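First residue of the sequence shown? That's 4 in this note's numbering, and the numbers climb one at a time after it.
To be clear, the hints were calculated from the coordinates, so they are not data collected in a lab. Fair warning: this is a prediction, and the values are worked out from it, not measured in the lab. Take the hints with a grain of salt, since some may be wrong.
To be verified - Taking lysine to any residue pairs in the SDA-like style, the calculated list, with each CA pair at most 25 angstroms apart, reads:
1) K27 <-> V156
2) K165 <-> V220
3) K175 <-> L208
4) K163 <-> L208
5) K222 <-> M241
6) K264 <-> S240
7) K264 <-> L11
8) K13 <-> L208
9) K217 <-> R249
10) K13 <-> R249
11) K264 <-> L211
12) K222 <-> E45
13) K264 <-> A132
14) K264 <-> E49
15) K222 <-> H186
16) K222 <-> K27
17) K258 <-> K175
18) K163 <-> F205
19) K217 <-> L232
20) K264 <-> K175
21) K222 <-> L92
22) K217 <-> T245
23) K165 <-> R249
24) K175 <-> D193
25) K217 <-> E203
26) K255 <-> F205
27) K217 <-> A51
28) K175 <-> R266
29) K264 <-> A15
30) K175 <-> I145
31) K222 <-> D148
32) K217 <-> R91
33) K27 <-> A15
34) K222 <-> L11
35) K217 <-> K27
As the list claims (entries may be wrong) - Cβ-Cβ distance ranges computed for the label pairs, FRET-style:
36) S240 <-> I145: 31 to 37 angstroms
37) D7 <-> G265: 30 to 36 angstroms
38) G183 <-> S97: 20 to 26 angstroms
39) D227 <-> R172: 44 to 50 angstroms
40) E12 <-> G265: 18 to 24 angstroms
C-beta atoms are modelled at their ideal positions from N, C-alpha and C, and glycine is treated no differently.
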Amino acid sequence: MAYDTIVLEKSAPVATLTLNRPEKLNAVSYELLRETAAAIDELNEEAAVRVVVIRGAGRAFSSGTDLQSLGSGKIDRSRPGYRYHLTRLQETFSRIERLEKPVIAQVHGYALGAAMELMLACDFRIVAADAVMGLPEVLYGIVPDLGGCQRLVRAVGLPKAKELVMTGRRLKGDEAERIGLVHRAVPPEDLEGEVRAWCEEFLRLPPLAVGLAKRVVDKSLDTDMMTSLDSNAQVQSMLLCTEDFREAIGAKLEKRPPVFKGR
């Protein structure tokens with residue numbers, strides 16, 4: 004499928020989704036979110052793709068919502084109309100979470116507003132130490148509406164999430180790592196190498212187990228303990244029957260590196 008606002012490179016086993024509006028610092032438009040959702044659906048069908056990296060072209064990951072797009076008048080601004088439209092946009096981020104492959108956000112420059120919400124929807128966040136992040140919506144008289152409030156609470160806890168959402172304060176990569184918002188903050192020149200190292204680590208692991216581990220952990224946030232444990236048991240009973248499990252045990256006993264096939 005051809006895209007206008009993103010570039011999707013499927014160099015299996017790693018796919019790279021690049022936000023590609025560098026002349027606007029990859030500002031998040033409705034079209035960009037629509038194409039991102041389509042790309043995630045495409046990657047969901049690609050068994051050969053085991054890791055997904057989301058990054059931005061040019062000088063930034065993304066400067067946030069494209070204000071020109073927001074004010075274009077193309078959106079039904081009645082309450083029911085906008086709520087329906089917003090629900091569809093929120094679904095883009097939910098698709099990233101539901102993708103049973105590790106998704107890594109590679110962040111440089113800026114990740115503001117909708118861009119930080121996109122970053123939060125990814126499983127792992129690797130950023131340049133000088134990258135600037137924040138949810139500035141309150142400064143414009145609105146609130147984050149693409150899951151940023153909810154995912155930020157899960158990432159850093161309620162007190163710190165309230166501070167960042169209710170003040171619109173920006174923070175840099177080093178501080179973001181210190182509070183648990185991101186997994187690693189590295190010198191800008193080391194960013195690509197750090198992301199590559201994370202990809203290589205996942206590629207050494209059995210892909211079915213990695214994807215289902217993501218599902219089990221995510222579901223634990225939304226269900227009670229007994230339901231979560233039952234789901235965990237169902238996943239485990241399936242994984243115990245896989246070739247990859249048998250390969251892992253055989254490799255351990257034979258003292259050799261395992262070769263996983265995702266089945």
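Which hints, by number, does the structure contradict? 1, 3, 4, 10, 13, 16, 17, 18, 20, 23, 28, 33, 34, 35, 36, 39
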